[in-house]
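Novice: These are the residues of each chain, in order.
2 protein chains.
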Amino acid sequence: MRILVSNDDGIQARGIAALSEALLPLGEVIVVAPNRERSAASHSLTLEHPLRAALVPFFIPGVKLAFAVNGTPSDCVKLALSSLVKPAPDIVVTGINRGANLAVDVFYSGTVAGAFEGVFQGIPSIAFSLASYEEQADLSGARFWMRRLVERLLQFPAVPNILFNINIPALPPEQIQGIKVTRQGKVRYGDSYDRRDDPHGRPYYWLKGEPEIIDKAPDTDIVAVQSGFISVTPIRAELTDDASLKSTRSLLEGLSR
Amino acid sequence: MRILVSNDDGIQARGIAALSEALLPLGEVIVVAPNRERSAASHSLTLEHPLRAALVPFFIPGVKLAFAVNGTPSDCVKLALSSLVKPAPDIVVTGINRGANLAVDVFYSGTVAGAFEGVFQGIPSIAFSLASYEEQADLSGARFWMRRLVERLLQFPAVPNILFNINIPALPPEQIQGIKVTRQGKVRYGDSYDRRDDPHGRPYYWLKGEPEIIDKAPDTDIVAVQSGFISVTPIRAELTDDASLKSTRSLLEGLSR
Chain A
4 MRILVSNDDG IQARGIAALS EALLPLGEVI VVAPNRERSA ASHSLTLEHP LRAALVPFFI
64 PGVKLAFAVN GTPSDCVKLA LSSLVKPAPD IVVTGINRGA NLAVDVFYSG TVAGAFEGVF
124 QGIPSIAFSL ASYEEQADLS GARFWMRRLV ERLLQFPAVP NILFNINIPA LPPEQIQGIK
184 VTRQGKVRYG DSYDRRDDPH GRPYYWLKGE PEIIDKAPDT DIVAVQSGFI SVTPIRAELT
244 DDASLKSTRS LLEGLSR
Chain B
4 MRILVSNDDG IQARGIAALS EALLPLGEVI VVAPNRERSA ASHSLTLEHP LRAALVPFFI
64 PGVKLAFAVN GTPSDCVKLA LSSLVKPAPD IVVTGINRGA NLAVDVFYSG TVAGAFEGVF
124 QGIPSIAFSL ASYEEQADLS GARFWMRRLV ERLLQFPAVP NILFNINIPA LPPEQIQGIK
184 VTRQGKVRYG DSYDRRDDPH GRPYYWLKGE PEIIDKAPDT DIVAVQSGFI SVTPIRAELT
244 DDASLKSTRS LLEGLSR
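From first to last, the protein sequence lines stand for chains A and B. Under our numbering, the first residue of the first sequence carries the number 4, and numbering increases by one thereafter. Under our numbering, the first residue of the second sequence carries the number 4, and numbering increases by one thereafter.
Hints may contain errors.
As the list makes no split between identical chains, a pair holds if one copy fits it or if it spans any two.
[As the list claims (entries may be wrong)] Below are the DSBU-like pairs computed for lysine-lysine, each with C-alpha atoms no more than 35 Å apart in a straight line:
id, residue 1, residue 2
1, LYS89, LYS67
2, LYS67, LYS219
3, LYS249, LYS67
4, LYS89, LYS211
5, LYS219, LYS249
6, LYS89, LYS219
7, LYS211, LYS67
I should point out that these hints are in silico values taken from the structure, not numbers from a laboratory. The structure presented is a predicted model; accordingly, all values stated were derived computationally and were not measured.
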């Protein structure tokens, strides 16, 4: 099996090393990742300048091929699938991200967006995130579970247009409560910019982001992780709100000049 | 009514001028937009440096308040709603984008992402795109329809978590065939990077992007616009694939250490 690995924390992050090492027993691991941190890149693409792909040494000896790219996670996976990795990989796995990707943050996440690029090309894809921003957060539970989850999900009859967004608590294996399949939760970020003055007295704004949990149902991603479970959310590459099609039709399709 | 307007082509684009002018008869228009082009920014957020919001003159005299921000469309709308625009606007409208936002491009679009920030705060939101990249593309049909569509959609009983992604052909009003409420279409971008050598003989890659239409059903956004219709797709701020929850549960929730 050929496994394409990417992330949004950059190719030097400890998370991508942990993920690559965990997946090596499953097959050939090829790393194509940003050459610096690109958190909150979402699906952004680089259009203003061309991309470079530098073949670099990688800290996990079993990984024979690693490219550092001057782009976003979406750039990396797109470029890998179109130009760098032939034949195509059997699976795309991103992460493991420093920090959870839950609720609305799924939209901002470069880790999730990178995995979506696999889905857009019809390749099974999984995004992993660790529910801690600590520099030395406990990766042992993630190390234990990542390979097992990838192996198991590959048995899943191929559903096109779906990826699995997986968040793992930063706990040792014996403290992880189990696996919960969840819905994307709901939080709202309130008044979330710090307004400060620079040394010249001019204002600047810096995002802080204090989420308030709106939906506390136990089957949401955010509550599952808070309760010590691994959260697995199947998410889809389709945004149409089918439930609103009919009412929108009756409202608009009669309008004429 | 207070209307917040943003875009991803930058505050100097002719599209945001056309949109602002079209909406002025409906109420007070406040512009908060990127200070340069930020196409394909998706939901990306600026975290590495702080944001500045410069009060600038705007080419449409009826617009009294316009801010140019050194960030992405998502930054602009987030900052506007949290710090710059008080009381909160009644609606967020983005665009009109230079170029269509159809099918998978909805994920990459900064225009759509900016409008989603309104939805995330519970405010009705609409994204407008013009189906042409031409510098002097025909905006007359868009000018005719944008105000009418906003007015009409405000009558829609508030559906939380929904935005309307609207694509308008670059045609005069009398050549626009009508309005179609559509699903997000399906295209696939194939082998989509140009590989070239720089003057030093080193390779670089530049995204070109030649989409192949996979789903040619007449109720898709892409087919509607190609047929001369305005496409309106209700899209949702939720990615969970409900149809896969059960099968994923049976596959994973039994796994134990």
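Novice: For the identical chains here, do LYS219 and LYS249 meet the 35 Å Cα criterion within one copy, between copies, both, or neither?
Specialist: For LYS219 and LYS249, the Cα distance is within 35 Å both inside one copy (30 Å) and across copies (20 Å).
Novice: If the cutoff is 35 Å on CA atoms, where do LYS89 and LYS211 land: within, between, both or neither? Let me know, please.
Specialist: between (41 Å within a copy, 19 Å between copies)
Novice: What label fits LYS89 with LYS67 when the C-alpha limit is 35 Å: within, between, both, or neither?
Specialist: within (14 Å within a copy, 55 Å between copies)
Novice: Checking an output row: LYS89 and LYS219, CA cutoff 35 Å. Within, between, both or neither?
Specialist: between (44 Å within a copy, 29 Å between copies)
Novice: State whether the alpha carbon distance between LYS249 and LYS67 is at most 35 Å within one copy, between copies, both, or neither.
Specialist: Neither: 53 Å inside a chain and 38 Å across chains, both beyond 35 Å.
Novice: 35 Å Cα cut-off: does LYS211 pair with LYS67 within a copy, between copies, both or neither?
Specialist: For LYS211 and LYS67, the Cα distance is within 35 Å only across copies (29 Å; inside one copy 39 Å).
Novice: Is it within a copy, between copies, both, or neither that the alpha carbon of LYS67 lies no farther than 35 Å from that of LYS219?
Specialist: Answer is neither; intra-copy 44 Å and inter-copy 42 Å both fail.
In this structure, the hints that do not hold are numbers 2, 3, in rising order.
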